[in-house]
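*Asks:* Residue numbers for the sequence shown follow this note's numbering, beginning at 1 and rising by one.
Since the hints were derived computationally from the structure, they do not count as laboratory data.
Under the rule of at most 30 Å between Cα atoms (straight-line distance), these lysine-lysine pairs were calculated in the BS3-like manner:
(1) Lys-280 - Lys-290
(2) Lys-266 - Lys-290
(3) Lys-266 - Lys-280
(4) Lys-266 - Lys-34
Computed from a prediction, not measured in an experiment: that's the story for all the values here.
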Amino acid sequence: MINHYRTLGVDPQAETVVIRGAYLALIRRYHPDKGGDEADPARAQAVTAAWDVLRDPERRAAYDESRQARFQPEGGSIVGPAVLMTGNRVRGGAAGRNLFLLLAAGTLGLGWWALGQPQFAPPVQVAAPASGPAVGAAPPEPVVRPVDDERSARRQAEVEEEQPPLPDLRREPDVDTPVVLPPLPVKDPVRMPVRTADAQPPVRRAAAVERAPAVARVPSKAPAEERPVVAKAAAVPAPARVDLAPLERHLQLLTDQSFRFGTPAKRSRVISSREPFLAKLRNCDSDACKRDAYLRRNAEIGDIMRN
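Sequences and hints are given; from them, build the entire structure.
*Replies:* Following this line, the structure appears as structure tokens:
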């Protein structure tokens, strides 16, 4: 099977725009009408056939499936065939057939006899009462076992030496001289005077306030001022987002192919024309401007390699 990806020099996972760039570069090099000294009709025909297959998504998918099926064994997975076939088959005569029938009849008779035998229930075992502690019995006293490990005993002794001895709370503290505490100051309780009915302050009554009739004031209608009408500016739609990644990859592919297959003079022209392209790309303030710059750069490299 012809490997179209190898014919065009692209990766099997490459996008269509990259494959198209490789096809254009090779057809300009090997076509009899455009290639010049490097023209190769057979190579140009192979490049055209590869491009016809890979530019169609359906044909490319079918081609990829056929390439994968080529490396997979028929009738199973890569590990091995699905069915293991043996070369020789065991054949038996009349004696073997009679032996098989005899064994089958014996097996059936033994099974029939086993089904007719009475089945006995397994003996029931009486569980012994659990030997637990009696109700109301005292819990067992903990048993203190001596430490046989010498290292553990030494570590326990070191811990006891580091800890200060605890005071004995059962002994009364020794007091040499009696301690006399000063008497606590006692203050007389403060008593609040009790108010009686005669001692209450006189109640002041508010004087009656005469209410004046409310008069509603209606402002006179003034002539409405004419406000200047300001026209609203129409909303400017946001510029569409342009994906520049395929164009960058296409330009990189064309540049690599020009350095690989071009003459020294063509390489020098590609290098000298790169700086103006980068300057124009830096001055672009929108994706559309950058897209046009990439397209003009691709066309410029194609003209350099063609002439």
